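**Q** One-letter residues, chain by chain:
Number of protein chains: 2
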Amino acid sequence: MARLESIREQVLAGVSRLPDEEVPLARAAGRWLAEPVRARLAAPPHTCSAMDGYAVRAADLARPAALPVAQVVYAGQQPGRPLEPGQAARLYTGATLPEGADAVVQEELVREEAGRAHFDRAVRAGENVRRAGEDVAAGAEALPAGVRLGARQLGLCAAVGAEAVRAVRVPRVVLLATGDEVVSGRTPDSNGPVLAGAMAAAGAAVVRRTVGDDLLEVVAELRRALAEGDAVVTTGGVSVGARDHVPKAVAALSGEIRVHGVPMKPGKPFLFASVGGKPLLGLPGSPSACLVAFEVFGRPALLRMAGAGRLGRRRVRLPLAEAVEGRAGRARFLWARLEEDGAVRPLGQDAAQVRGPALADALLHLPAGTGALAAGAPVEAWLLEDDVP
Amino acid sequence: MARLESIREQVLAGVSRLPDEEVPLARAAGRWLAEPVRARLAAPPHTCSAMDGYAVRAADLARPAALPVAQVVYAGQQPGRPLEPGQAARLYTGATLPEGADAVVQEELVREEAGRAHFDRAVRAGENVRRAGEDVAAGAEALPAGVRLGARQLGLCAAVGAEAVRAVRVPRVVLLATGDEVVSGRTPDSNGPVLAGAMAAAGAAVVRRTVGDDLLEVVAELRRALAEGDAVVTTGGVSVGARDHVPKAVAALSGEIRVHGVPMKPGKPFLFASVGGKPLLGLPGSPSACLVAFEVFGRPALLRMAGAGRLGRRRVRLPLAEAVEGRAGRARFLWARLEEDGAVRPLGQDAAQVRGPALADALLHLPAGTGALAAGAPVEAWLLEDDVP
Chain A
1 MARLESIREQ VLAGVSRLPD EEVPLARAAG RWLAEPVRAR LAAPPHTCSA MDGYAVRAAD
61 LARPAALPVA QVVYAGQQPG RPLEPGQAAR LYTGATLPEG ADAVVQEELV REEAGRAHFD
121 RAVRAGENVR RAGEDVAAGA EALPAGVRLG ARQLGLCAAV GAEAVRAVRV PRVVLLATGD
181 EVVSGRTPDS NGPVLAGAMA AAGAAVVRRT VGDDLLEVVA ELRRALAEGD AVVTTGGVSV
241 GARDHVPKAV AALSGEIRVH GVPMKPGKPF LFASVGGKPL LGLPGSPSAC LVAFEVFGRP
301 ALLRMAGAGR LGRRRVRLPL AEAVEGRAGR ARFLWARLEE DGAVRPLGQD AAQVRGPALA
361 DALLHLPAGT GALAAGAPVE AWLLEDDVP
Chain B
1001 MARLESIREQ VLAGVSRLPD EEVPLARAAG RWLAEPVRAR LAAPPHTCSA MDGYAVRAAD
1061 LARPAALPVA QVVYAGQQPG RPLEPGQAAR LYTGATLPEG ADAVVQEELV REEAGRAHFD
1121 RAVRAGENVR RAGEDVAAGA EALPAGVRLG ARQLGLCAAV GAEAVRAVRV PRVVLLATGD
1181 EVVSGRTPDS NGPVLAGAMA AAGAAVVRRT VGDDLLEVVA ELRRALAEGD AVVTTGGVSV
1241 GARDHVPKAV AALSGEIRVH GVPMKPGKPF LFASVGGKPL LGLPGSPSAC LVAFEVFGRP
1301 ALLRMAGAGR LGRRRVRLPL AEAVEGRAGR ARFLWARLEE DGAVRPLGQD AAQVRGPALA
1361 DALLHLPAGT GALAAGAPVE AWLLEDDVP
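As they're listed, the protein sequences go chains A and B. The first sequence begins at 1 in our numbering and counts up one residue at a time. The second sequence begins at 1001 in our numbering and counts up one residue at a time.
Keep in mind the hints are simulated off the structure, nothing from the lab. None of these values were measured; they are calculated from a predicted model. For each residue, glycine too, the CB sits at the ideal point set by N, CA and C.
Covered stretches of chain A, going by a simulated chain B footprint (3 or more residues, C-beta under 8 Å): (1) 90-99; (2) 147-153; (3) 283-297; (4) 316-326; (5) 355-367.
Chain B side only, calculated, beta carbon under 8 Å to chain A, not exhaustive: (6) Val1136; (7) Ala1158; (8) Gly1179; (9) Gly1241; (10) Arg1315; (11) Asp1361.
The following block holds chain A by itself, in its conformation from the complex (with noise of 0.2 Å):
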C-alpha cells in the first residue's frame, strides 16, 4: 500500500489529539484513555481461593492426611483469624485466604467427616490460589493511553477502583452533504446516515448539514462549519467538474489542499485540505466511493483526534470466496461477506452501489499491482463492526 500510505500518513499529519479531560467513569464509555489507567486497587484485591475447596498450609500435607476445619470463609467475608498449623479452612471461590494459609485443595477432591477434612494427596504451596495483585498489583498500570473504553475496559477500571479516567474530548465533527440533489431531495442522502451513524460509531459529535450547487453559498457553509467543528467532512462536489465547489471553496477560505485525487477505486476524488489549522475531509458523493474514503483516510483521522491508538479496522488475512482482479495503477476496495468457512466473498463492484456495504462484514483491499486472485488466495480484509450510532 505504499503510496496509500503515504497519502494516508499525510492526511494523520494534518490532524492532531484533541485535549484530554477527566471524566467520571459512568460517563466515560466509547472515549479514549488519553492517559494510562493505574491501578488504585490491586485485582484480585485479596489474596482469594480459585475453586470452592479446603484452605491449608501446604507444608502440614507433604502427605495424606486428616485436618480439623477451624473456620469457613464464604466469598463476602474477611476470615475471622489466621490458619494455625495443622488447621484447614472451609473456603468459597473469591474467599479472601486465611493468614497462614498458602493453598487451596478443591472440594472434589476432600471427603469431610465429622469435623475433619481428609486430603488424600500431598498439596504444592500457592495451588488454586490467587494472590492480591496477580492481574493488576496495586498502583500498576491496568489500561495503557489510546485504548477505548468499550464494556470490558469499563469493567477493568471498576476492577481495580477507578473512578474518574483521563479521556481525549469528544470530536465535534461538522458533516455538510453538497449538492442540489440532496438539497431538494431528488435524490434520497444515503450517504449522510451511512456517514453521520459511522462517525457516531467511531465516537465523534455530529452536526448534519446540506447546501447546494453554489460556490458562496459553499464557502458560507464552510465557514461556518469550520467555526463550530473540530473539523469538517463534506460529500460531493470535490471532483474536477464544472459543479465541483469543494476545491473552490477551500481556495476561497485560503485553506491549503494537501490531497486531491487518490490512486484507488471507489473513492478516487478524495480530497484533504487544512483551513485555519483544522483538517477538512472531502469526500466523493457516489455512496460506495464516499463510505469506502471515509474507511482508508476519514476514519483513521476522526481516531486520531479521538486519542486512539489504534487507526485502522482490524485487519487480517482470509481467503477469497472467489476470484478477483486488481489493477495495476491503483488500489482496489471491495465489499465482502464473511462465509460460515471463514472465505470472503466480494459483493458486487460498482463505486455508487449502496447494497454492498450494507451487506458487508469486511472491505477487502487489493494494494495497486495487485493482478488476478484466485478463490482461495489469501487477501487483506478490513473487519468492520456493526456501526451502531
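The hints should help you fit chain B onto chain A, whose structure is shown.
**A** Okay, now just chain B, sitting in the frame of chain A:
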C-alpha cells in the same frame, strides 16, 4: 465443538424471538429487522451517469465523430428534453440521462470546442451508465430479515425510501449480581459493568440489581426480575457449594434447570433454566468465566430474542502467535490480541482475570480434544467488537 454446540442448541431452543413492531427509521438504529425491507424507491432512482462526461446515443459513435452539445445536466437536475440523434449532452456524475441517451463518455476522453464534443473512439451502449434500480429495483428486497440496522444499513434504507421498518422489540434483561461481597462492595463488581455494557451493545435494555447470599432474598429478587424482564441473567452463586443459591432458587420457583455445568474452561458452572416460560442464564462469578459463558451462551440467546440472523461473533481461522495447549475433555477459551501481522496472541489464562478481556480483540476457541498447537497453527477466533454500551 460437538458437545458444546449441542448445549448451545439446547439454550437457544429455550428462547424465542420477541414480538416485532413498526419503528420509524430515525429510531431504528441498533435493532434487528423482523421483516425484509422492500425498496419503495429504486436505487439509483433514475438511470444516471457514473462519470463526469458526455451522454450520447452509442449508435452515433460507431466510429469517431464530433457532435453538438445540446444541453448540460447536473446531478440535481432532470434533463430538459430528450437527446436527439446526432447530439451530445454534457453530464455530471449522478445526473439523470436524457431520454434517448444510452452511454456516457468520460470527460478525459472528450475534447469540447466551439460547442462541439469530439469523440476519438467508438462507444458501446451502456458504457458508464448506472441503470435505475441497478442496485435495488423498486419493490425488490433491499435488506433481509435478521439484519441489524447499523450505519450502513440505515443508509440503504434511506436510499430506497424506507421511512419505517418492522423491527423486533428491544429485549428487557434484568442483570442480577449475587454475593455478599458484591452487595457490601468489598470486591468491586466488575462483572456488572462488563455484562451490562456487553448486553446493551448487543441491543438489550438492561436493569441492574444486586442480592446477597441469602436463599430467600435470591428467590424474591429472581421472582421480581422474572416478572419484569424478558430474560434474567445472574452472576455468581451458580456452582454447587452451600452458598450457591441460584440453582436452589430456580427449584424453589418451580423452574426447570436444563443445563448446569458445561465442558469448558473457563465458564464451567454455567446454568440455563426456564422459569415460568422465561429464560434464566446463570453465569459464574469469576470475571473471565462469567464473560466467556456470556459469549458462548448468553449473547447468542439475547441475540435470538432480539431477532438477529447471526447469533455468534464473526468467526475466522487465524494463525497462533505462540503455542497453546487444548484439553482432553473440555473446550478451552483464551482471550487474545490480534497482532499487526494478523496472528493472534493469547493474553494470560486465569479464569478470574479481568485484564485479558479488556485487552482482547478475539476469543480463541479450542474445542475439547484439541492437543498441543504450535505457533503458526490456525485457530478459531471469535472476533470481538468494542462493545461500547
